[in-house]
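Q: Sequence:
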Amino acid sequence: MKRLLALILVMLFVATGCDYGNDQEQKQWELIEQSAEASTVTIALQHSNAKVIDWLKDDFASYLSTTYDIKLKVVEQPLLKTLDELASDKANEVDSGEYDIIIFEKDGFKNAYNKGLLYGPFTDKIPEVKASIDTAALNYIYREGISTQGYIVPYGRNQLSFIYNQDVFYEKPTSYDEFWGLIKEFKGQFTYPNPMTSIEGEAFVLSVIGQYMDIEPFMSGTIDQTKFLNAIQPGLNQLIALKPDLKDNGSVYPESTQALDDLFNNGALMMSLNMDYNYATDRLKEYEYPENASTFVLTDGVATFTEGASIAFNSPNKTGAMVALNALLGSEMQASKFNPKSWGSLPIYSLEITPKTTLDTLKSVKLKSTTVKYSDFLESVMTEFSPEMRTIILKQWQAQVLGK
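Residues -21 to -1, 1 to 383 in mature numbering (1 follows the signal peptide of the UniProt record, and there is no 0) are what the sequence shown lists, from first letter to last.
One or more of the hints may lead you astray.
Claimed, not checked - Lysine to any residue pairs mimicking SDA-like chemistry, simulated, CA-CA at most 20 Å apart:
| # | residue 1 | residue 2 |
| --- | --- | --- |
| 1 | Lys320 | Leu263 |
| 2 | Lys89 | Ala66 |
| 3 | Lys383 | Asp227 |
| 4 | Lys163 | Lys222 |
| 5 | Lys374 | Leu215 |
| 6 | Lys226 | Lys383 |
| 7 | Lys345 | Trp322 |
Said to hold, decoys possible - Quick list of simulated restraints, FRET-style, between CB atoms:
| # | residue 1 | residue 2 | range |
| --- | --- | --- | --- |
| 8 | Pro196 | Lys52 | 22 to 32 Å |
| 9 | Pro223 | Pro57 | 40 to 50 Å |
| 10 | Leu59 | Lys30 | 17 to 27 Å |
| 11 | Lys85 | Lys36 | 14 to 24 Å |
| 12 | Gln379 | Lys345 | 37 to 47 Å |
| 13 | Glu9 | Lys374 | 21 to 31 Å |
| 14 | Asn93 | Asn216 | 29 to 39 Å |
| 15 | Ile125 | Lys69 | 10 to 20 Å |
| 16 | Lys85 | Gln3 | 33 to 43 Å |
In short, the hints are calculated from the structure, not lab data.
In this text the structure is predicted, and so the values were computed from the model without any measurement.
Backbone N, C-alpha and C fix where the C-beta goes; we use that ideal spot for every residue, glycine too.
Please work from the sequences and hints to get the whole structure.
A: Here it is, written out as structure tokens:
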């Protein structure tokens, strides 16, 4: 009866969006937590990292069960299948569906939002969003070229990092100006993978483009092609200017990160790239990298890809979903998934906004000295390009830099 009463009261809050100040917000959240007790939350996802499913079923499920008496059910299936089922529910007016939380590792939010398949706005009801997330950041406000409108919370990031051999050079660059000077100094010993075939190659190109433009005017709405092409041209010019200092004068770009690694390992290159922040440490453990390999990021900004989670429009347990998402953003779970042994997902926090006590929890994750510090990653977060912008940039890279 107590849970039923809490559920009725909280659904009134959820339906009306009541906001009566901090005390009332706290009481509202307590009701949400009560209504979620002894319930089941179902997450639907497809993820490229095999560790994610294990982490959800083990670490996260255990935390929800112990802390909130919530049972977690994980449904692993293609995002397209999940959205098709939700669209069918929408067409057939199914009020109580099968899924509560939808994970968006990459694209898909825009499609789901535009079709009315998501519940919201709800992020203003999540305490950890207000306490720890930079809600003024462009990566929070926009996703895939549309305003998020409080329908999705970010829960993790992937960012580009550079891998180098300290036997070749020891003082790592901290800015792009220093980086360009390093490439010129070690002429012919740097290149990057083909961005048409490698996410690391694409991330490098986006990182460079992002240093020379203001991306905010293009974050939402229809892109003015002429203005956007003008905005990205300085970055493209820099990539063209780099070619004479690249391996083989930039005439050939490795088709994969593995091909780049092979060149790095045999000494042909001074540097490699990866989106997995612990990649170099793992390779060193397997004796697959030079003994003095290490990593760095450029705090001017490196390509950042944000993962997010939404609530299905007909979620049968919306309050449970909100409690689960709040837990996912909390310091304990952010530190847990940050651990490369468990998952290796970078925290979603901000050095300027997130409380120090929350950031300090991340220090519990023991990392090797060859791994970039989480604070350096947080300092190097870059505004994310939408899929449409990335498509235009890659087309222009192929035409102007590759010359095809």
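Q: For each hint, tell me whether it holds in the structure or not.
A: Here is what the structure says about each hint:
no. : hint                        : result
1   : Lys320 x Leu263             : holds (15 Å)
2   : Lys89 x Ala66               : holds (14 Å)
3   : Lys383 x Asp227             : holds (17 Å)
4   : Lys163 x Lys222             : holds (10 Å)
5   : Lys374 x Leu215             : holds (11 Å)
6   : Lys226 x Lys383             : holds (19 Å)
7   : Lys345 x Trp322             : holds (14 Å)
8   : Pro196 x Lys52: 22 to 32 Å  : violated (42 Å)
9   : Pro223 x Pro57: 40 to 50 Å  : holds (44 Å)
10  : Leu59 x Lys30: 17 to 27 Å   : holds (23 Å)
11  : Lys85 x Lys36: 14 to 24 Å   : holds (22 Å)
12  : Gln379 x Lys345: 37 to 47 Å : holds (45 Å)
13  : Glu9 x Lys374: 21 to 31 Å   : violated (52 Å)
14  : Asn93 x Asn216: 29 to 39 Å  : holds (36 Å)
15  : Ile125 x Lys69: 10 to 20 Å  : holds (19 Å)
16  : Lys85 x Gln3: 33 to 43 Å    : holds (37 Å)
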